[in-house]
Amino acid sequence: MKNKYPSVLLGLAFIFTEAPLFAHHGNSNFDTDKKLTMKATVTEWVWANPHCWLKFDAADEKGNVVHWIAETSNPADMTNLGGWSKQVFKPGDHVTVTLQPVKNGQPIGRVMQVVLANGQTLGTRIPGVFGPEVDAPKGGDSSK
Amino acid sequence: MSKRSLISMLPTAAVLCLCSALSPTTRAQQSGPQKQNAAPPALWNSPSIAPKQPPAPSGPAPRRDIGGIWDAFAAGIQPTGVKSHAPFTEGGEKMANTYKPGDGPRKVALALINDPLDGCDPAGFPRNLFFELRPFKVLQTPDQVLIVHEYQRVWRAIWTDGRELPKDPESRWYGYSVGHWQDDYTFVVDTVGLDERTWLDNAGDPHSDQMRVEETYHRVDQDTLELTVKIDDPKAYKEPWLGLNKFVLRRQPASFDIREMICAPSEAEAYKKEVAEPATR
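From first to last, the protein sequence lines are chains A and B.
With our numbering, you'll find the first sequence wraps up at 716, consecutive numbering, no jumps.
With our numbering, you'll find the second sequence wraps up at 287, consecutive numbering, no jumps.
The hints are all genuine.
Derived pair list, reagent style EDC-like, types lysine to aspartate or glutamate, alpha-carbon separation capped at 16 Å: (1) A:Lys-627 with B:Glu-280; (2) B:Lys-252 with B:Glu-232; (3) A:Lys-675 with B:Glu-283; (4) B:Lys-173 with B:Asp-196; (5) A:Lys-611 with A:Asp-632; (6) B:Lys-106 with B:Asp-124.
Hints were generated in silico from the structure; no laboratory data involved.
These figures come from a predicted structure and were not determined experimentally.
Take these sequences, add in the hints, and give me the full structure.
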């Protein structure tokens, strides 16, 4: 890991108005104030419980390839959202991933959305279904 | 595709089939005789996404009948645990201090979680009501009420033949349950014999093997069921308390397809190794 985040970072989100879907493991590892968007090449898509995860490569600001892992919710939740499936990605697919990174600087995060090469946007959130204790940015984190 | 991906492809394939079935091209192809083969739209609906429109006026509740498929949508997930509970006893506090949950007020970093679910232990009862209460089906037979759950694909049998609860029950993940009709629209279930290795909820709230759980299923109307769950565990809590209070469940069509959410140890281990541990370093 040469850099924490790739240069294709498009911006930071400070307030999430929709609740994360990640039911089991909370958000203590994730930097809920950050949102990264990057052009990515899929290397693997693991369709599994308790979370699915997408592995992909994205270039950092020096052009070095960074190997990212970003989780989603479980297969049942993803299927319910529509568009997601075990077959939705294959290695080599070019996609645009928006994610919330972990706090420790590792290239790990949880997927907020993926835009497929055909322009289709796959979201990971169900608006307003979880409470503010899950939804809140850092200041409202219930872990403190 | 990873070999670790062990979840059944059936639901996914089904959704893909539906997407295909709903595409303009496919619709055109389905005109004429093929149309009758189309799957009914309700077959692959979305259990965890609440409908945006308010429910249509419902008919009266049937007598002594809680059968059918019920869903609380996303509200059933309860990621942060029960809303509140009675104060711990000293014993309860001691147990709670050894439980390191992934969510709720005492949550810890991913790699430090010692939630038994992470190793795919059974959720057990009543955690299956207080966490990931996904769609479930109630079946009534002359002697039992059976509840079939999506999460971990487990079922419970509730005896309704008039028997008493056992005095010295064997320890079970899902306990030993007897039920009776309090009135024509209210089914009450008592459960004992619960394995104390299970957690009560996703926030790492404990229980002892002396816990007695009372569930009350009240059929409000044809499409609405209210669930109240009372925890009585004098070893862990200073007084009885309600884990759910008139929690609303909505009836789903008979064609509703209950998906599977199964914890596979190999998948859980891979998640820990690939995601949880590196995220915590």
